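Peer 1: In case you want the letters, here they are:
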Amino acid sequence: MNALRRTTLKAAGAAFLLASGLLHPLRALAATWNKAAFASKTPADALKSIGASSPLESKDILIEAPQIAENGLVVPIEITSNVPNTKSLAVIVEKNPFPLVAQFEFMEGALPFLKINVKMGESSWVRVVAEAGGKHYTAAEEIKVTIGGCGG
Amino acid sequence: MRRSSHLLICGLAAGLAACATPLVSERPAAVTGQDLNEITSVLKRDFKARGIATMARVELDTLQQQCNLHRDSPPAELAAKLEAEQMKSIPFPSGSLIGDWKRGERIAQNGRGSMWSDQAGEPAGGSCYNCHQLSPGEASFGTLGPSLLRFGKLRGASPEIQKYAYGRIYNSKAYNACSQMPRLGHAGTLSEQQIKDLVALLLDPDSPVNK
Amino acid sequence: MSGPMKIRATAKDGVADIRVLMSHPMETGQRKDADGKVIPPHFIQNVTVKLNGRTVAEGQISQAVSRNPVFSFRAKGGKPGDKVEISWLDTKGETNKAETVIA
Amino acid sequence: MRRRSRHAALWLTAAFALAGAHAVAQDAKKEIQKYQSMITEGSPVELFELEGEVLWKKKQGPKTASLEQCDLGQGPGVLKGAYAQLPRYFKDADRVMDLETRLLHCMMTLQGRSRDEATKRVFGNEDRLSEMESLSAYIAAQSRGVAMAPGASHDKERGVFELGKRLFFHRAGAWDFSCASCHSEEGKRIRMQDLPILNTPAAARPVVATWPAYRVSNSQFKTMQWRINDCYRQMRMPEPVFGSEASVALNLFLTVTGQGEIYRGPGTKR
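Residue numbers (our numbering), protein chains in the order written: chain A, 1 to 152; chain B, 153 to 363; chain C, 364 to 466; chain D, 467 to 736.
Source of the hints: derived by calculation from the structure; they are not laboratory data.
Note that this is a predicted model, so its numbers are computed, not measured.
Keep in mind that a hint or two might mislead.
Selected chain A positions facing chain C (Cβ under 8 Å, derived; list incomplete) [unchecked claim]:
no. : residue
1   : L56
2   : I63
3   : N96
4   : L100
5   : A102
6   : Q103
7   : A110
We treat Cβ as the ideally placed atom computed from N, Cα and C, and that holds for glycine.
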């Protein structure tokens, strides 16, 4: 509720600035950052805050990622949703202090596909939530973060 | 241009001394005292002190000199002599050499110490996991050295074993003259207490190494 | 102060493959500088992908996206010559934008 | 995919102590290779090439000149394939130079900068790359697809190669290390990191084909001078002087050992 109000206020502010010609139009985007969701400290809260409290496990969400990441600062993840009519994908790194990492909406012919590099503080399950037809679907992969050597 | 024509001539004139000896990357077959002097003067010219890594480090001590000269395989007699000298330099503490394995585990995990990026007086690590397997819970271990899993379980913790473990960490060259393992006590990287803590990691029945 | 940004877009079998590289520190707010002072958070929050002027993907991201973010997207109907435009907006209100045509 | 994950979780927590560790290690190796290839695919390395291009063309120094007339061995301003033929002997300087040494030479001669000023900041950090690093990214990228063919015929090149080889096997320093202490035995690793046997072509080839490189562990673009420098740091030695003969010698030794490989960098490393 609180977050919603803040968002609305921000949007109003941005619209005002925009109208007065002080700001590049892009700045209006600031209003669409879901602060409450990104501030969630547990995977459950993160799910709740994106409206996906109890998503259905799905085999149609494919997560391509290395099971061992030699460095947690860059963990590449490739996501494809084969759930029909998927309109958004969210990425949650369960053990991160703030688990929600990204949420992308797809429209106008964009495929529900995303490649992204994420930071992982430690070994963790990485959960993907897809939204399709008003329902949420999920799949997860466990990724181990190791301590590397000195080389390369 | 110059080089390609040179190569062409080499190709045509294979057999000419300069061209017929391809560069080989294998270890030199022999190292002389003069080679060592030359390399040391190159290091003196081309390296510079930084932080705690002083230029004194490019000077070779007797052991380094002999290992370089003999390409890490000194004749048995020389090896025995070098090992005896190194052994004499180990100040074995009296009494139990077993410290705290929990501290030992942290020292084993820590890869810092004695680098120019380290501060003098900061406690160093032993870099043990860089080369050895120790606690079974640590999957990220190196293999340059042997696995030390169950080290104490297999050997017990008698005073002799304690002394061996302590000495081996303090100065591994006392046991194998040209070992690749650093002389962690001799080099001043680890303190007496730190080495005792590592001995505990290896020998204490409660240490994860022996679980 | 934005560094370079680059998009590479290709099309195959009626699907555009779009890859974007962004220079950005993606500061988490947990890192300390040389003097031990915490570096304040500074990261991209919004990413917008447009194909021929129409928004096809819109993302909200956190500080846990790696430094110098790289994303790949796919869009049906993209063909050589189509215009791809990607922009971002960060916590300081700074933005950057790049565009290219599908090769 | 899920099943594979559970399998991985299982072995990582328990199976290391058990028999069959070999198969497990093979699995881990495969996953690490997958990590490597995925970070390369999703690398921001081209951003650094773009920064380097700007610096290459930027007029600076007392002579307000750019580096565009710098001769990297193929003639003034020729970039295509130039990196693949370095290090090599340069007659005008009468010494063997690697890319960074040559760039320094051009900064001093073309731009009129002093050695001190030009080498003040040769290694950057995650917040700001060094000029050398950006330039290296840009120039090395112009050799993509070209076979590595460093100088190996001139007397000085041969002499420097021999010096590099001797340095590679020379043990010294607080920890008695040589390069070979870590890089001369098959199948060894530090922590989880495989150690290439750098004096064998099989191991040296992929190394020379992918440096300079972006390192994700510190979000920095790193050059071969840095790579060698950082090895010596961890060998507990003093620091190699930037562009010194010793540093170029090790680079030439490695590059000649790995010659013939098609350059596919700048790479992306853990």
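Peer 1: Check the structure against each numbered hint from earlier and tell me which ones fail, lowest number first.
Peer 2: The structure conflicts with hints 1, 2, although it agrees with all the remaining ones.
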